[in-house]
Amino acid sequence: AQSVAQPEDQVNVAEGNPLTVKCTYSVSGNPYLFWYVQYPNRGLQFLLKYITGDNLVKGSYGFEAEFNKSQTSFHLKKPSALVSDSALYFCAVRFQTGANNLFFGTGTRLTVIP
Amino acid sequence: EPEVTQTPSHQVTQMGQEVILRCVPISNHLYFYWYRQILGQKVEFLVSFYNNEISEKSEIFDDQFSVERPDGSNFTLKIRSTKLEDSAMYFCASKSVAWVEKLFFGSGTQLSVL
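Taken in sequence, the protein lines are chains Y and Z.
Going letter by letter, the first sequence gives residues 96 to 209 in our numbering.
Going letter by letter, the second sequence gives residues 748 to 861 in our numbering.
Calculated directly from the structure, the hints in this document are not laboratory data.
We put the beta carbon where it would ideally sit given N, CA and C, even for glycine.
Please note that the accuracy of each hint is not assured.
Stated by the list, open to error - A short, non-exhaustive set of chain Y residues, derived as facing chain Z with CB atoms under 7 Å:
| no. | residue |
| --- | --- |
| 1 | Arg137 |
| 2 | Gly138 |
| 3 | Leu139 |
| 4 | Phe141 |
| 5 | Lys144 |
| 6 | Thr147 |
| 7 | Phe199 |
| 8 | Thr201 |
So that you can see chain Y by itself, here it is in the shape it has in the complex (with noise of 0.2 Å):
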């Protein structure tokens, strides 16, 4: 069955360090990825999008992802975070090209300690 996971309900990183949120998907052909962000009381807005190319995507924020097709994953990662990261992020895929609508995960929860 074609699916997109994110493993993780919640993580916690210390302000400064590196964080990652993780995604891996099931799906047969090539997918296109994308990670969203949603901020308290805000609509889902869009981090950044893998759809060919380089596996490394660089999206807004300082945020970055690498798709890594032999594990199936879509991580999104960023070097040093930040307070306001802390917010909710969804990977989401777009299995079929022609088909418009977007499979999102359950979303994971970051929060950044100060």
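Put chain Z on the given structure of chain Y with help from the hints.
Just chain Z, lined up with the frame of chain Y:
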């Protein structure tokens, strides 16, 4: 940055009642979506809309649901006879053109069915 606007932010209704959730997408966008998130679960695709008709819908989007773009600016989701299990956060989203892989989301309407 332009925003997708959703009203109301909270809606409480009795089971069996009809509700209409309203969204104002970004003005030059052509593709419109509704997603929902039941508390603690993943964000789920409901329906996509383009050129005044539904382009895709999920299994969740049964005969009780309908969408409409009544006046060229609003995009509404109607639930004809609400059920307890319809309680969720409903997100509207839009994007400008097909090949742009970035959705803009509203901040959501929290629907509570009693």
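How the hints compare with the structure:
no.: 1; hint: Arg137; in the structure: 5 Å, holds
no.: 2; hint: Gly138; in the structure: 3 Å, holds
no.: 3; hint: Leu139; in the structure: 4 Å, holds
no.: 4; hint: Phe141; in the structure: 5 Å, holds
no.: 5; hint: Lys144; in the structure: 5 Å, holds
no.: 6; hint: Thr147; in the structure: 11 Å, violated
no.: 7; hint: Phe199; in the structure: 4 Å, holds
no.: 8; hint: Thr201; in the structure: 4 Å, holds
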